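**Q** Required output: the full structure, derived from the provided sequences and hints.
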Amino acid sequence: DAKTTQPPSMDCAEGRAANLPCNHSTISGNEYVYWYRQIHSQGPQYIIHGLKNNETNEMASLIITEDRKSSTLILPHATLRDTAVYYCIVRVRVIAAGNKLTFGGGTRVLVKP
Amino acid sequence: IAGITQAPTSQILAAGRRMTLRCTQDMRHNAMYWYRQDLGLGLRLIHYSNTAGTTGKGEVPDGYSVSRANTDDFPLTLASAVPSQTSVYFCASSDTSGGSYNEQFFGPGTRLTVL
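Chains as they are written, first to last, in this note's numbering: chain A, -5 to 107; chain B, 1342 to 1456.
It is worth saying that the hints were derived from the structure and are not from the lab.
For clarity, every value in this text was computed on a predicted model and none was experimentally measured.
It is possible that some hints are incorrect.
Stated by the list, open to error - Derived contacts from chain A toward chain B, CB cut-off under 8 Å, selection only:
id : residue
1  : H34
2  : P70
3  : A72
4  : Y81
5  : L95
6  : P107
As the list claims (entries may be wrong) - Computed Cβ-Cβ distance ranges for the label pairs, DEER-style:
id : chain 1 : residue 1 : chain 2 : residue 2 : range
7  : B       : R1385     : A       : E52       : 22 to 32 Å
8  : A       : N13       : B       : A1410     : 40 to 50 Å
9  : A       : A7        : B       : A1356     : 21 to 31 Å
10 : A       : N13       : B       : S1421     : 41 to 51 Å
Each residue gets a CB set at the ideal place from its N, CA and C atoms; glycine is no exception.
**A** In structure tokens, the structure reads:
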């Protein structure tokens, strides 16, 4: 699995967009980019994933560069409840063989009032 | 509400004792996983199961065993607990059928302290 690099921490103002970068320069063609987050003392929560195209769901948007070597998770209007550690994970989607996730250090996001 | 349940929520255990952490899901997911998370660190995979009747080793399997007798349950056993197994344990499941992207759903965790 490709290794990812994320900043260890970042602050964001409540109501503003939070842009979380992730570098995955060794990503291969069949690897997806997944984002999870972990709110304090809870289990991780899936946010979004993508392969090549930009993706959006009710939680966030994922922007993947054309060369796929980096991506940005965007929380459009951050709230205090978005304070969490955000993990960027690159993984092959292996059908019928599970999808073992390798968690790095993540980015600790603090949303401030 | 559909999801994953784990028991116990927390446990203090004497070193050398045997302990089984329970995990049950009602989403009929075929794959299940056990992770541990040490203080301030990311999750590490202990064991996984792609389908009922099969299991596999993850990144840190030593000292742990699992079984998968049916789809819903995936217990994790510490045969003889040691202090280094003090951690928060998360169980997860995912649907690995062809149309799914394998996103994992996590339980609330079991906080285990081995003294």
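**Q** Now, for every hint given, state plainly whether the structure supports it.
**A** Hint check:
1. Because the beta carbon of A:H34 sits about 11 Å from the nearest beta carbon in chain B, more than 8 Å, this interface hint is broken.
2. Hint on A:P70 is violated. Least Cβ distance to chain B is approximately 21 Å, over the 8 Å limit.
3. With a least beta-carbon distance of about 22 Å to chain B, the hint placing A:A72 at the interface is violated under the 8 Å criterion.
4. With its C-beta approaching chain B no nearer than about 7 Å, A:Y81 sits inside the 8 Å limit, and its interface hint holds.
5. The criterion of a C-beta within 8 Å of any C-beta in chain B is met by A:L95, whose closest approach is roughly 6 Å, and the hint holds.
6. Residue-level restraint check for A:P107 is violated (minimum Cβ-Cβ distance to chain B is 25 Å; threshold 8 Å).
7. Remark: the range hint 22 to 32 Å for B:R1385 to A:E52 is upheld by a beta-carbon distance near 30 Å.
8. The hint said 40 to 50 Å for the Cβ distance between A:N13 and B:A1410, and at roughly 46 Å that hint holds.
9. Range check, A:A7 to B:A1356: Cβ separation about 47 Å, and the 21 to 31 Å hint is violated.
10. The beta-carbon spacing between A:N13 and B:S1421, approximately 47 Å, falls within the hinted interval of 41 to 51 Å.
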